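Novice: So the chains spell out like this:
There are 8 protein chains.
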Amino acid sequence: MSKVAVIMGSKSDLPVMQDAIDILKALNIDVYVDIVSAHRTPEKMFDFGMHAHTRGISVIIAGAGGAAHLPGMVASLSPLPVIGVPVKSSNSIDGWDSVLSILQMPGGVPVATVALNGAKNAGILAAQIIGASNQNVQDAIITYKEGLKTKVIESSKDLN
Amino acid sequence: MSKVAVIMGSKSDLPVMQDAIDILKALNIDVYVDIVSAHRTPEKMFDFGMHAHTRGISVIIAGAGGAAHLPGMVASLSPLPVIGVPVKSSNSIDGWDSVLSILQMPGGVPVATVALNGAKNAGILAAQIIGASNQNVQDAIITYKEGLKTKVIESSKDLN
Amino acid sequence: MSKVAVIMGSKSDLPVMQDAIDILKALNIDVYVDIVSAHRTPEKMFDFGMHAHTRGISVIIAGAGGAAHLPGMVASLSPLPVIGVPVKSSNSIDGWDSVLSILQMPGGVPVATVALNGAKNAGILAAQIIGASNQNVQDAIITYKEGLKTKVIESSKDLN
Amino acid sequence: MSKVAVIMGSKSDLPVMQDAIDILKALNIDVYVDIVSAHRTPEKMFDFGMHAHTRGISVIIAGAGGAAHLPGMVASLSPLPVIGVPVKSSNSIDGWDSVLSILQMPGGVPVATVALNGAKNAGILAAQIIGASNQNVQDAIITYKEGLKTKVIESSKDLN
Amino acid sequence: MSKVAVIMGSKSDLPVMQDAIDILKALNIDVYVDIVSAHRTPEKMFDFGMHAHTRGISVIIAGAGGAAHLPGMVASLSPLPVIGVPVKSSNSIDGWDSVLSILQMPGGVPVATVALNGAKNAGILAAQIIGASNQNVQDAIITYKEGLKTKVIESSKDLN
Amino acid sequence: MSKVAVIMGSKSDLPVMQDAIDILKALNIDVYVDIVSAHRTPEKMFDFGMHAHTRGISVIIAGAGGAAHLPGMVASLSPLPVIGVPVKSSNSIDGWDSVLSILQMPGGVPVATVALNGAKNAGILAAQIIGASNQNVQDAIITYKEGLKTKVIESSKDLN
Amino acid sequence: MSKVAVIMGSKSDLPVMQDAIDILKALNIDVYVDIVSAHRTPEKMFDFGMHAHTRGISVIIAGAGGAAHLPGMVASLSPLPVIGVPVKSSNSIDGWDSVLSILQMPGGVPVATVALNGAKNAGILAAQIIGASNQNVQDAIITYKEGLKTKVIESSKDLN
Amino acid sequence: MSKVAVIMGSKSDLPVMQDAIDILKALNIDVYVDIVSAHRTPEKMFDFGMHAHTRGISVIIAGAGGAAHLPGMVASLSPLPVIGVPVKSSNSIDGWDSVLSILQMPGGVPVATVALNGAKNAGILAAQIIGASNQNVQDAIITYKEGLKTKVIESSKDLN
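Chain order of the listed sequences is A, B, C, D, E, F, G and H. Start counting the first sequence at 7; every next residue gets the next number (the numbering used here). Start counting the second sequence at 7; every next residue gets the next number (the numbering used here). Start counting the third sequence at 7; every next residue gets the next number (the numbering used here). Start counting the fourth sequence at 7; every next residue gets the next number (the numbering used here). Start counting the fifth sequence at 7; every next residue gets the next number (the numbering used here). Start counting the sixth sequence at 7; every next residue gets the next number (the numbering used here). Start counting the seventh sequence at 7; every next residue gets the next number (the numbering used here). Start counting the eighth sequence at 7; every next residue gets the next number (the numbering used here).
Honestly, the hints are just simulated from the structure, not real lab data. Predicted, not measured: the structure shown is a model, and the values here were computed from it. Be aware that a few hints might be false.
Stated by the list, open to error - With a straight-line Cα cutoff of 30 Å, these simulated DSS-like cross-link-like pairs (lysine-lysine) come out:
(1) K17/D <-> K94/F
(2) K94/C <-> K17/E
(3) K163/F <-> K94/F
(4) K157/E <-> K17/H
(5) K94/H <-> K17/A
(6) K151/H <-> K50/H
(7) K94/D <-> K163/F
(8) K17/F <-> K94/G
(9) K94/C <-> K163/C
(10) K155/D <-> K31/D
(11) K94/F <-> K50/D
(12) K31/D <-> K50/D
(13) K31/C <-> K157/E
(14) K163/F <-> K9/D
(15) K163/H <-> K50/A
(16) K155/C <-> K31/C
Using the sequences and the hints, build the whole thing.
Specialist: In structure tokens:
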């Protein structure tokens, strides 16, 4: 079955990126996790980007902070859809740096960017991508969304 | 075969969104185009979002400017992956409004956001999503990327 | 008599939105409170927006954070004046996302936006709207403003 | 019947503010227009703000650019609902100055802020405020919104 | 002798504004302190602005946060030089709102703006203004600046 | 009598800075004009800053764009009040660079900052500073402000 | 002798980057020019970055726009000093994207960032770096700076 | 051998700037440390900038916060390469002020700007500059970068 790779630029990004891993597992999707730094391990990134689509991976989720080049570079190397998670790192300028360096990719090399620290949504988006050709996964997403709805309805009881 | 819907909030967004349509056609992917305004035709948007996945559509591309609610609302209504294109409309505050109102979706409801006016990348991303489970489309993307490479190599001749 | 609806995208917005409820009650105006999420309960939002004006509601206050679509979508569905409260939620980019996605509505569908976390002012504005055709409520506002004045005058005593 | 005042800080704001006047006239609402500068005619502003509610005015629309103090100061002086239109003037810093100096009012003194240069929406909002207690005006708004819908539907024909 | 007025929109601004009072007293300049709210006590502000120059005041320092209208409105009412201190208040959008609503005054009505929370510099600037025509005060400023220099020189000892 | 120095970092700033010169001449105040670049003529700047107060100058107006260091450096060198004009130069990032590098001076060394390209207001502020100890100049300012008022009143005729 | 490489992500960056080439040639420094796209020719970039220091190059200048990854990726691959030039490309968000994605590099991998479109300064900085160990080049820089000074002095004649 | 000067505007910048000193010492490069304030000790800054290149210094690292003029002014005075470190000081507007007032230097006077609080990268960049003409230092940098790589590889073990 399809597998999703969740990679990040530094182990310090793991607390944020764990949300992607958790939701994918909850949706019964295989996950491969790795630390791949664009700036400190460029060869590893190169190898990962070049070969991911030949190693059973269908979607790549890449998280990084600051001048975040990992998602865009992997998107440059791979034909797979790449989802970018801007991480608000410690010396970030309020997160603007990671958002803009992931989002504003030039024509030809898209990165599917989610919200700042939005790793959970990256996981759901990866599932939706798999669900686009897999009815079971799409059904799991429909069920998941019903659950969101129910929680909101519950939370609104006894308000008036 | 999979079909991609390209919708936009106003016909004035068409010059920007045409790039998505063109690249999808160049990649031999079926496209459905429509004007669906979150704020002026909410019922049409509702109907579209609720039923797109039952009408042969695999991926939705939604473009909008200003307080751009169309991509997020369609993402709320559909289990399909939704790609959002922030359009820099005339009274936009430098595009920040459309970028942030598409990107910063709450947990549970992702929108795959591309660059400001990045409709071409939205089209490529949609193709990559289809290519994740369709070898022919993935091969077309690999060929497309080779073409990008060749153009850059050509452009650098005779520089020194 | 006129009633004001105070809705919000998530129960986590209630600590901010409570200020609107409190000031409306202090001004003797009926309040209806509900959790209505644009992204997780779109059908409920649709039903609320379509019918609020036929259920005795005169003004709607809607609070939401991040890519905040609730105020604008309700404004799209209802002929009533809608007041939007940008809530500074946890993963917000300093509040800019909620401010811009509420404020920058396209021509035809206004949202009366107040300051970031400005739920108290949303309540006062709703009262002013009712007071525009109700002398008692307008008098209550005049009295309230006199109170503000008195407090400032008091606070400036003994300064020199 | 209710009358709406449309005031602005400078005659150079008139091309923007005319949209408010036009839509109000189209909705058969009486309009009073004046130039009232917070910084150059403070006494006139004071007189206007103190007495507008005793001169048959129900809603005030105030437009200004740069460090835009007119909407907030009139809101401080009047018990009426005040709608603020941030105008993007020539030396504005991309409109941020007028947006923030109108929107971010302190607790107790709301301004109903609309989008940058959003005078048309200010006019519609004023009509909605009057319509909150006037069925004819509310019906006119419902009809107006139907017209918006029809235009979008028309514009989407012949696209595929 | 010349007197400097230090006014502020709310008593909650006093911890910031105290720096202006302290440095002025240290430079032996008379200070008048008051709470004057543009939005809650407009009449008091009007009276203060119209008459300050006839009551022995030479320079006005005005501090305010959020949509900060006090410095600009006092500048509109008085022929005296007005120094504006943007205060970073609790619901401020990172201070941008107070900075821009004080700084970006229209042609004809300047406010001498200092840094965010820069009340100390406002006090020094007021002293420099008085010192422009008063040799004793100018000499006190020269001495003060020598003191700054000495402290830096001291702090750099023993570094290598 | 008091003299105002108007200096700027480059002759290309003169079209903006001319407004300061013009209004000062209109108010019968002596003006000294010079090009003094912090980055290209640091010695000249040093000499100017150290000696201006001994050469009959009472107030310094300094305009510069981009990383604008001229106003702050002159303020560091001189005991006189220094007014800074942020100039929106060609490669400026929307003027934010010049605004922030002039405004955000550290404690001890104020610059009286005016609006982006606000040279006219710099001239008026310089006149107000002189007027703080010179009744004739203060009267000229009062007359000037009356003129502003009259123009607004004139412009509002025939509007209704 | 030392050689400076001037690379850029796209031939459309050449009009901006030409300033670096010109000033380096004027200072008699050898220049190597190439188009190297991080996203479209990642292998070429990899090869360039890995080997530049073994091919007689001492300093690398890299210009790119939008999500500008070229300077940072080359800095990751090379032990040489890398100067980054943020280019304001057509769909850039006012240049913020290129500035932040070049400037905000993580610890360990610096990029020497210059101003938006500041290719001329990149050239001068490269010369200064070479001049740090080459007296002739340092002397040429001293002479160049004297020339800047002379031009400013000339431009200030006949102003008063 | 070459020496690097690390200067900063205030002793309060030392905790940030210490990272530059530490990495330079770890790379066996001589360091000279001093407090030099552009605004409080302009003569000392002048003397330092004019003579650093004649006192055995090859590269200058200058850190400052707020309206940060030290790096640019030293760059104006010295023919040496100057690296600027924007320090996020206490009253900074999120660091934007120091970033922009260091980065946006005018043509002719570059500052090699690193990330907000990026003193460690400033130290590495200084070493790279020395390494451009010193094989031992370049080798030390290559070794340092290998160390970064190893740490990332280590950190990614046991993840799956």
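Novice: For every hint, state whether the structure bears it out.
Specialist: Against the structure, the hints come out as follows:
no.	hint	result
1	K17/D <-> K94/F	holds (25 Å)
2	K94/C <-> K17/E	holds (25 Å)
3	K163/F <-> K94/F	violated (35 Å)
4	K157/E <-> K17/H	holds (10 Å)
5	K94/H <-> K17/A	holds (25 Å)
6	K151/H <-> K50/H	violated (37 Å)
7	K94/D <-> K163/F	holds (24 Å)
8	K17/F <-> K94/G	holds (25 Å)
9	K94/C <-> K163/C	violated (35 Å)
10	K155/D <-> K31/D	holds (21 Å)
11	K94/F <-> K50/D	violated (33 Å)
12	K31/D <-> K50/D	holds (25 Å)
13	K31/C <-> K157/E	violated (57 Å)
14	K163/F <-> K9/D	holds (20 Å)
15	K163/H <-> K50/A	holds (14 Å)
16	K155/C <-> K31/C	holds (21 Å)
In summary, the numbered hints that this structure violates are 3, 6, 9, 11, 13.
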